[in-house]
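Engineer: Listed here are the chains, written in short residue letters.
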Amino acid sequence: MARAIASHNTVRAFSATPSVPRHILAIPSVSFKTNMARFYSSKSFPSHITINMPALSPTMTMGNIGTWQKKVGDAVAAGDVLVEIETDKAQMDFECQEEGYIAKILVESGSKEVNINQPIAIMVENKEDIEKFADFTAADAGAAGAAAPAATEEKEAPKAEAPKAAAPKAAETVNAAPSRSDAERIFASPIAKKIANEKNINLGDLSGSGPNGRILKADVESYTPAAKAAPAPATKAAPAPAAAAPAGAAFTDIPLTNMRKIIAQRLTESKQTVPHYYVTVEMEMDKVMKLREVLNKSSEDKYKLSVNDFIVKASALALKAVPEANSSWMNDSIRQYHTSDICVATSTPTGLITPIVANAETKGLATISNQVKDLAARARANKLAPHEYQGGTFTISNMGMYGIKHFTAIINPPQSCILAVGATEKRVVPGAEEGEYRTASIMAVTLSSDHRTVDGAVAAQFLKAFKGYMENPLKMLL
Amino acid sequence: MACVPVFPHEHHVAATPDSRSQGSFQPSLAQQHESAPLDKHPTRSLASASSMPRDHNHDHDQNQNLTMTLPEDSFDTHNCEPPSLEVTFQKEELLRMYMAMVTMRRMETTADTLYKSQLIRGFCHLCTGQEAIGVGLETALTKEDKVITAYRSHGFTYMRKGSVLPIIAELLGRNNGISGGKGGSMHMFTPNFFGGNGIVGAQVPLGAGIAFAQKYLGKKAATFVFYGDGAANQGQVFEAFNMAKLWELPAVFVCENNQYGMGTSAARSSANTDYYKRGDYIPGIKVNGMDVLAVHQAIAYAREWALTEHKGPLLLEMETYRYGGHSMSDPGVSYRSREEIQKVRSENDPITHLKERLLEAQVVSEAELKDMDKAARAEVDKAAKEAKESEQPDMKTFWTDVYVKGAEVPFLRGREPQETHFYRK
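Protein chains in written order, with my numbering: chain B, 22 to 499; chain R, 835 to 1259.
The following block holds chain R by itself, in its conformation from the complex (with noise of 0.2 angstroms):
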C-alpha cells in the first residue's frame, strides 16, 4: 500500500503502513491540541443562530454559474482541514436544490396530515426541517454512492428515488409504495440506498459493512452512513469507526445531530456533545446543517477524502434541527418550549436560507419562487390523491419476500393455525 500524504497542518495520524506494522498507532492527545487552532469558533448554538450574513459575494458569469462564499461558521473541523468557503454552483442546480427541499417539506407535511386522519398508521417519523442534508447530500453524489440511514428516512428516499408517490403510497400501505406496501415508513429502499433501518444505530455498523464491499469490489464509490445524535452513543458504532479505520473503507460516518434525542437533549444524553470529535482517530467536520450549500460542499469534500485523497473514513457532523416531534407519537413540545421552534423556523430555516441567497444574488425573483412552492404542493397534492386511491396489496404477497424465492421453507404458518401458506414448489 503506498504511503498515505500527509498534507502540512494536518496531524492526524493516518494508518500509514509503518505505524501500523509496528502495531503502534496511539492517538495522541497533542493532535487534538494542535487542530485547536482550526477550531476558531465556539460551538454554535443551533437556537440562536443569527441568520445569514446578507453581504454575500457573489459573481454571475456567462455560464450561469454563481459563487458565493459560505459564512465563516461553516465548518469546524478535528484534525484535518475544512472545505473550501468558496463555492461554485449553476444557477439550474440551485434552483433543483430549491424545489428538492421545498417538495420535501410538502411531502412530509402531507405525511403529518394524513396520519393525522389516521390514513398512515404506525411509525412515522418526518424530517421537516433537516431538509438541507438530504438534498445536499444528493446533489453532491453520483448514482452509485450508498447511502443508509435509520428510520427518518423519507427525505433520503425521495432523494435517492426521484418521487413522491412511491414513498406516500408506502406509507399508506398501498401496493405501489416503494416496497410494495409492506415496509411502510421505516423500510423504504432503492438499489442504492439501503433504508429505512428501525433499529437505533444499527444502521451504522451495516454501513461499514457496504463500505467493504466496495472496496473489495474494488468499485469506485463512497458509502455515507447516517446516524443520529441519539444514537451516536451507542457500542456498535463504534466498533464500526474502528473497522472502518483499521481497514481504511471508503466510508462517510454523518451524524444528523437534530439536539434531541426522542425527548432527551444532546447535553443531557452525552458526555462529549462534540460528535464530530467523537470518531477520534477519524477526523471530523462539523457543518451547518441548516445551510444546503455547506451541507453539498461538505459531502462532496467527504466523498472525495473517502475514494480519492485518503481512501478512509471520514465523520461529519450535521447541526440541524427537526420542526416536528421525535415521530407522530410525540407532540415534540413536551423537552423543550415551543418559543425553541418558532425561533428555529424563523431564524434558521434551511429553505428560507436557500430563498434569500437566490433572491439576493438575482437568480430569480420571489413571484417565481412561489411558482415553484405552488407547482411542489400540486405534485404533492397529486401524488397523494394517487395513492388514496391506489389499491392495497394482494393477500399473495403476504408471502413472498421471506424467503428468497425457489428457496422458501416447505409451509409458512400464518398469525393462526389455519392460515399456513404451503409454498409450491
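Isolated chain B (complex conformation) (with noise of 0.2 angstroms):
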C-alpha cells in the first residue's frame, strides 16, 4: 500500500474535469477500500455488502442523510430508493443496484455532512443473516477503509501546515522569493512563462507583481538569480519565527457562520464601492420626550413609544419632503421610491439585522412601535420571513443606548442613506436672552449618505427636515 501512495503523488493526466487541483485528482487511487466489500467476513459477521455513502454528482465531497425509505429487515431490489441525499448541489434519490435485505442502518436520517465513502448500510442476501449485524458499528465496516482516510490525512496535514507557514513568511519577507507550498497554483501570464521556459528560470523562485501575486513579463525580465541567495537566509530566518508566533500565540478560531459572511460580504462591498460622506446635526430632543411621556401615560397598554419609534417617522417624513434620499443607484438611472420602507438595524446574537418598517410615513407612532418590537423579537429568534428583512429603502441605526455619541454608518446597498443615531445627553445650551442659559437635552445624528445620488445640499436639507421634525414633533401631524 505505501509503494502505491509513494507512486501516486504524480499526475493524473487524462483528468475530465481540470478545473481541479491536480494533487486532489491524486488521492483516489490511493483508496484501497473495496466499495462492496463482499465475502467480508471477520468478527464472524456473515457475508455481507457494505453499502456506502455516494458521490452523487461529480464535485460531491460530501452530503447530508435524509430520510431513510427503508429500514432494517427491508427486501431491497435492484432499483429501489433507498435513501434520499442532500449533495451540494440538490436532492437526489440515492437508488441501490443489489438485490438483498437491510441489515443495518450505520448513519441515521438527519445526518449531516457525512463523507463520500462512509459506509452507511449493511445489505445481506439472506434475511437471516440481519440479526446477525445488530451490534454492527461503522468501526467494523471501516476497518477495510481505514487506510484511505489515514492516507487522505495524511496528504492533508502537510499541506494544511505549508500554507500556514507560509502566511507569516509572506508577510515578513518582503522582495524575497515568495513562500508557496508545493500544492500551490503559480500565477504567471503567459508571456511570463513563455520567457522564463525560454531563459531555463524556475517560476517558482520569482515572486509577482501582478493581482494576486501574478508573475508578469517585467518580473521575470528583472529577475537575476543572484537575488536568490539574498532571499534564502530571509526565508530560512522566517521559518523559525513563523513556528514560533503559532506556538506562542492563544486563539480561537471561529467558524464563519452563513450570516457572517454574507455581512461580510456585502458591507465590504460597499464601503469599497459606495462614495460615502458624513453630515452631523444636533437637535434638541426635549419636546419629543414630553411628547413620548405623555402619549405612553394615555396608551392603555396597547403601546409604548420609544424615542426610536419618533425617529423612524420623522425620518419617513424626512425623506417625503425630500426624496431624493429616498433612492437607489442602478448603474444607468437613479431609482427614487416614492414610499418610505424603514429598516431598522437590530443587533441579535447571530449577527447584525435589518427588519423593515414598510411605508412607514403612513403609519403611525403606536403601529411603528409595535411593529419594531414584534420584528426585532423575531430577529432575534431567528424567525424573519426574507422579504422582511430584505429590501427597504433607508436604514436607521441606533447606539444611543449603548451611551455612544456619535458614529458614522455604513451604507446598506442599494440604498442611498443610513442614519447613525447617538445618545441623547443633557447640555447646557445658550438661552433667548445674553446672559441666559437653559439645558436641552441634545441628540446627534449622523447621515452617511451616497454621494453618487445625495448631493451633500440634499443630505443637509433632509438633515435640516429630519430635525424640523424631531425639535416640533407635533409637526408630525401635518
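Treat the hints as calculated values from the structure; they're not laboratory data. These numbers come from a predicted model, not from an experiment. Glycine included, every Cβ here is placed at the ideal spot set by N, Cα and C. The reader is advised that the hints may include incorrect statements.
When the alpha-carbon atoms are kept at most 25 angstroms apart in a straight line, the in silico SDA-like pairs for lysine to any residue are as follows [said to hold, decoys possible]:
| hint | chain 1 | residue 1 | chain 2 | residue 2 |
| --- | --- | --- | --- | --- |
| 1 | B | 110 | R | 1095 |
| 2 | R | 1219 | B | 145 |
| 3 | R | 1177 | R | 1100 |
| 4 | B | 282 | B | 81 |
| 5 | B | 148 | R | 1209 |
| 6 | R | 1216 | R | 952 |
Simulated coverage check for chain R against chain B, where a stretch passes if three residues somewhere in it have a Cβ under 8 angstroms from a Cβ of chain B [to be verified]:
| hint | stretch |
| --- | --- |
| 7 | 948-959 |
| 8 | 1165-1179 |
Both chains are sitting in their own frames, so use the hints and assemble them into the complex.
Structural biologist: Written out as C-alpha cells, the structure reads:
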C-alpha cells in the first residue's frame, strides 16, 4: 500500500475535470478500500455488502442523509430507492443496484456532512443473517476503509501546515522569493511563462507583482539569479519566528456562519464601491421626550413608544420632503422610491439584521412601535421572513442605548443613506437672552450618504427636515 | 450486376439495374400502404407490454437443441418479410446468452458503484436494461463482422472483447485498460469493434464507410451500425442511408430505441417515432429488444439479408429501455416516473425473460441459474478488484497514439509551455 501512495503522487494526466487541483485527483487512486466488501467476514459477521455514501455528482465531497426509505429487515430490489441524499447541488434519491435485505443502518436519517465513501448501511443476501448484525458498528465496516482516510489525512496535514507557514513568511519577507506550498498554483502570465521557459528560470523562484501575486513579464525580465542568495537566509530565518508565533499565540478560530459571511461580503462591497460622506446635525429632544411621556401615559397598554419610533417616523416624513434621499443608484439610472421603507438595524446574537417597517410615512407612531418590537423579537429568534429583512429604502442605526455619542454607519446597498443615531445627553446651552442659559437634551445624528445619488446639499436638506420634525414633533401630524 | 430477385409480397423497389439506370427511382407511397397488412400490430408500448406468454412450444431433441416460437408481436416490418418466429437454439448457447447478460448487468452496476465512489470520473453511460441487444447481436455474428456504436458501448465492448477486466480497468483509467487507460468510457475498441464514439450520430456515416470498405475489399462481412432514438433525427444519418442504399452496402443500421434521448422522450423529439420506417427506401424491421432470442433472430436475418440475399442495407429498430439515467450525471427520474422504470424492470426485463424461458423449458434449474448469477458476480468483482490495484498509465504514453509512429511532428506542446515533448526520430 505504501508503494502505491508514493507512486500515485504524480499528476493524473487524463482528468475530465481540469479545474480541480491536481493533487486532489491523485487521492482517489490511493484508496484501496473496496466499495462492495463482498464476502468480507471477520469478527464472525456473515458475508455482506457495505453500502457507502455515494458521490451523486462529480463535485460532491460530502452530503446530508435525508429520510431512509428502507428500514432494517426490508427487502431491497435493484432500482429501489434506499435513502434521500442532499448533495451540494440538489436533493437526490440514492438507488440501490443490489438485491437483498437491509441488515443495519449505520448513519441515521438527518445526519449532516457525511463524507463520500463512508459506510452508511449493510445489506445481506439472506434474511436470516439480519439479526447477526445487531451489534455491527461503523468501525467494523470502516476497517477496510481506514487505509484510505488515513492516507488522505496524511496528505491534508502537510498541506495545511505549509500554507500556515507561508502566511507569516510572506508577511516578513518583502522582496524575497515567495513562499508557496508545493500544492499552490503559480500565477503567471503566458508571456512570462514563455520567457521563463526560454531562459530556464524556475517560476517558483520569482515573486509576482501582478494581482494575486501574478508573475508578469517585467518580473521575469528583471529577475537575476543573484537575488536568490539574498532571500535564502531571509526565508530560512522566517520559518523560525513563523513557527514560534503559532506556538506562542493563544487564539480560537471561530467558523463562519452564513450570516457572518454575508455581512462581511455586503459591507465590504458597500464601503469599497459606494462614495460615502458624512453629515452630522444635533437637535434638541425635549419636546419629543415630553410628547412621548404624554402619549405613553394614555396608551392603555396598547403601545409603548420609544424615542426610536419618533426617529423612524421623522425619517419617513423627511424622506417625503426630500425624496432624493430615498433613492438607489441603478448604474444607468437613479430609482426614486415613493414609499419610505425604513430598516431598523437590530443586533441579534448571530449578527446584525435589518428588519423593515414598510410604508413608514403612512403609519402612526403606535403601529411603528409595535411593528418594530415584533420584528426585533422575531429577528432575535431567527424567525424573520425574507421579505421582512430584504429590501427597504433607508436604514436607521441607533447606538444611543449604549451611550455612544457619535458614529458613522456603512450604507446598506442599494440604499443611498443610513442614519446613525447617538445618545441623548443633557447639556447647558445658551438661552434666548444674552447671558441666559438653559439645559436641553441634545442628540446628534450622522447621515452617511451615497454621493452618486445624494449631493451634500440634499443631505443637509434632509437633516434639516428631520431636525425640524424631531424638534417640533407635533409637525408630524401635518 | 445481376438482377435482384424480388420475393412475392415484397414491394420494396430494390435498386434493380433497370430502374437505376433510368434514374427514376421513386419510393412510392403505394408501397407503404401495401406493406400495412404486414404491420399487423399497433405500436407496442414498452412500458405496458405484458410479460411473455407462458405457452411456448418447445421441443427438446437429443442434440440438446431447443425449438421455440417467439411471440407474434416480436417483429413489425416495413417493406420486407419478417424473420421466422420459429427459432432453434442449442441449450449451451442459451446458457451462454444468460451468463453473458448477467455478467453484463453486473459489470454495469459495478461501474455505477465505482462511479459513485469517485473512482471513475468523467462520462459514463450505462446500458443496464439493454443487455439483450449486445448479447443477441454477438451470438448471431461472426468475428469478422464489424460493429460500431456510440457511447453506450460497454456492453458491446464486453461481447466483442470477451472479458470484463479490460473494460473496468479502462473506466478506472489504468494501463491494462482496453485503450491503455487513455480512452475512458467512450473510446473502447477491439479489432472488429469500432467503438465507442462520443459525438451523437457521428458513428453512422463512419459505419457506412466501414461497410463500403468491406464491399470494396470483397470481404464477406456485414457491418452493424448502432445509433439511438435521439440520434435518429441527425442529418448525417440520412446521408449515410442514402449512400448505403445507392451503392448497396452490406450495412445494417440498428436504432436502439430506449424511448428517451437523454431526457427527451421519443414522442417529444421525433415527428415519426417509427424509426424502422425512417429508412424509407431501406426496408426496416422493428424488434422487441427486450427479448434476446428475437434480437438474435433479427440480427441473423439481417446479416443474411445484407450479405447474401439482398446484398444491401437493412434498418432494424430495437425497442428497449434503460433503467439508469442517460449517464451517471443524470438521475433518470426527472423526465419519467420511478413507477415506469419499476414496471419495466418487473414485467419486461430481458434477463428475467430468458430465465423464465429456460426454467419453463426445463433446460436448467433455478439453483443452477442462481449459481450462474453468483459466478458472474464473482467474475466481475474479481475484475474490479484487479483493476483497482492496477497501475495508472506511464506518462510516456501521454505522447503516443497521437501520430502514427514514425510520422510524428518534431515536438508536441503539452498543457503548459514547460510540458513540450520532443519526438526523437
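Engineer: What are the numbers of the hints the structure violates, in ascending order?
Structural biologist: Hint check: nothing fails, all pass.
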